[in-house]
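Asker: Given the coordinates of chain A, work out where chain B should sit on it, guided by the hints.
Residues per chain, in single letters:
Number of protein chains: 2
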Amino acid sequence: MITISIIGSGKLSYNLSEAFISNKELRLNEIYSRNNKNIKLFNKKIKFTNKIDSLSEADFYFILTNDDSIEEISKKIKTKNGMILHSSGTKGKDALSNHLNFGVFYPLQTFSFNKKIDFTKTPILIEGNSQKSLEKLKELCRILEAEFEEVDSKKRLHYHLAASFANNFTNHILSLTDELVNKFKLEKKFFIPIANETFKKFQSNKSKESQTGPAVRNDVKTLKKHEEILKKSNYLNLYKIITKSIKKNDL
Amino acid sequence: MITISIIGSGKLSYNLSEAFISNKELRLNEIYSRNNKNIKLFNKKIKFTNKIDSLSEADFYFILTNDDSIEEISKKIKTKNGMILHSSGTKGKDALSNHLNFGVFYPLQTFSFNKKIDFTKTPILIEGNSQKSLEKLKELCRILEAEFEEVDSKKRLHYHLAASFANNFTNHILSLTDELVNKFKLEKKFFIPIANETFKKFQSNKSKESQTGPAVRNDVKTLKKHEEILKKSNYLNLYKIITKSIKKNDL
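First to last, the sequence lines map onto chains A and B.
Count the first sequence with this note's numbering and you get residues 10 to 260, in order.
Count the second sequence with this note's numbering and you get residues 10 to 260, in order.
It is possible that part of the hints are untrue.
Which copy? The list can't say, so a pair holds if one copy fits it or any two copies do.
Here are the simulated BS3-like cross-link-like pairs (lysine-lysine), alpha carbons at most 25 Å apart as the crow flies [what the hints assert, rightly or not]:
#  : residue 1 : residue 2
1  : Lys241    : Lys253
2  : Lys163    : Lys241
3  : Lys89     : Lys145
4  : Lys253    : Lys87
5  : Lys241    : Lys53
6  : Lys209    : Lys124
7  : Lys164    : Lys145
8  : Lys33     : Lys54
9  : Lys147    : Lys33
10 : Lys197    : Lys209
11 : Lys209    : Lys87
12 : Lys249    : Lys163
13 : Lys124    : Lys215
FYI, nobody ran anything at the bench for these hints, they're computed from the structure.
Nothing here was measured: the structure is a model prediction, and the numbers come from that model.
Next comes chain A alone, as it looks inside the complex (with noise of 0.2 Å):
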């Protein structure tokens, strides 16, 4: 049986509490939690501590904190054998090199407390600070048959980017659509094919192919209704530079 304790309880640590206390081959040790924030949200069955410095020996202690925060925590924490890992996608491994085994566990996704994510559909990009360690990461991460790749701390920066346009750009973009539909009474439900349309041609690589609209037509009469709709709202600013992009992407 593999034991595990989490240090924090933020999204992250929800999503990842959820895999491990359903897998029948791990144990979720217990989560320490500074604030006691959001515990209400987790399983009721999981231990909860604030007492950092006597967290009970683990195989492995997941540093589920902001990035600022990893290299403190990484030293309080008092453990033989039991691997350090952290989940950022821009911090290097070595601020958890006070510990012997240490390394880096980066799921390629997005956490939210409202839905579950499922583990054996996330890539995880792992980094250890040897053979063993990592052999023992890829281990942890066939039993939660997670796809999952080793990727050095530069690599991994520019997948952490490459997301925040995948995910963390085109969600503002259509949270922003959300704005527009209930500024304007339309139907939401009437967005959904396009959208998913829109997702579809991402999946079979065909986005750079498939732009279409008044940007990439440089249609500047309708660019400029779109304009007129949106003067007096934050955006106009956002959708002429995006125009831009799109106008410059064509050539």
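Answerer: Using the frame of chain A, we list chain B on its own:
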């Protein structure tokens, strides 16, 4: 049997022609193409013509050309009782007012030659010059088994603007993701789950509350790392503006 002629041989023409010829209640008389540009991509059974002033009498004439030529083409079509339609998201119906029966058939979808769109899953925004025209259009939508809604020109423009966000802009961001994937030799398949999740959040109206990433956290260190990578690309300005917009949106 309802008869239809199409003017124009672009992406929408291709997709509508496929829907028309596969529907037993409809007959596609002919397609007018000025330059025969894409006609080899169309079904071989379809009759093409380059004489716009001698189209055979039809129940519906679909003008599927660019917005600027709609009015001119409308004037060239000779019909007694046929209904003239355009499919522009931004053009008023009055561009067709030289006819007795006219209206707008605007499908809220993005079209391409490489993938047939299922019109039973495509919302159609319709407008007619009279109650009689509107009823004819509704009947056509029912035959296509499409969801439809009567929407005036102003509201149609609002739909078109929101669709530019939901498709044109997100598609561009996703094609930039592909550029980063190529540039840094990343695994494209690793981005499918996160893009799919982003789409599912939109579908369940959770985009705004699901915003994650360095911009919404105001994680200055990570934003700097990303900007450093992008500084020699065309996309630094776009990155900064979207980041700024995400920050604002969160306030």
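Asker: For each hint, tell me whether it holds in the structure or not.
Answerer: Results for each hint:
In this homomeric assembly, Lys241 and Lys253 come within 25 Å of each other (Cα to Cα) both inside a single copy, at 20 Å, and across copies, at 18 Å. In this homomeric assembly, Lys163 and Lys241 come within 25 Å of each other (Cα to Cα) only across copies, at 17 Å, whereas the closest approach inside a single copy is 42 Å. Only within a single protomer do Lys89 and Lys145 lie at most 25 Å apart by alpha-carbon distance; the minimum there is 15 Å, versus 78 Å between protomers. Neither within a single protomer nor between protomers do Lys253 and Lys87 lie at most 25 Å apart by alpha-carbon distance, with minima of 53 Å and 41 Å respectively.
When the C-alpha separation of Lys241 and Lys53 is checked against a cutoff of 25 Å, the pair qualifies neither within a copy, at 48 Å, nor between copies, at 50 Å. In this homomeric assembly, Lys209 and Lys124 come within 25 Å of each other (Cα to Cα) both inside a single copy, at 22 Å, and across copies, at 10 Å. Only within a single protomer do Lys164 and Lys145 lie at most 25 Å apart by alpha-carbon distance; the minimum there is 21 Å, versus 58 Å between protomers. For the homomeric pair Lys33 and Lys54, the shortest alpha-carbon distance inside one copy (15 Å) is at most 25 Å, but the shortest distance between copies (60 Å) is not.
Taking identical chains as interchangeable, the C-alpha atoms of Lys147 and Lys33 lie at most 25 Å apart only when both belong to the same chain, with a minimum of 17 Å there against 56 Å between chains. Within a single copy, Lys197 and Lys209 get their C-alpha atoms as close as 19 Å, and across copies as close as 13 Å, so both meet the 25 Å cut-off. In this assembly of identical chains, Lys209 and Lys87 lie within 25 Å of each other by CA distance neither inside one copy nor across copies; the values are 47 Å within and 41 Å between. For the homomeric pair Lys249 and Lys163, the shortest alpha-carbon distance between copies (21 Å) is at most 25 Å, but the shortest distance inside one copy (32 Å) is not.
For the homomeric pair Lys124 and Lys215, the shortest alpha-carbon distance between copies (10 Å) is at most 25 Å, but the shortest distance inside one copy (29 Å) is not.
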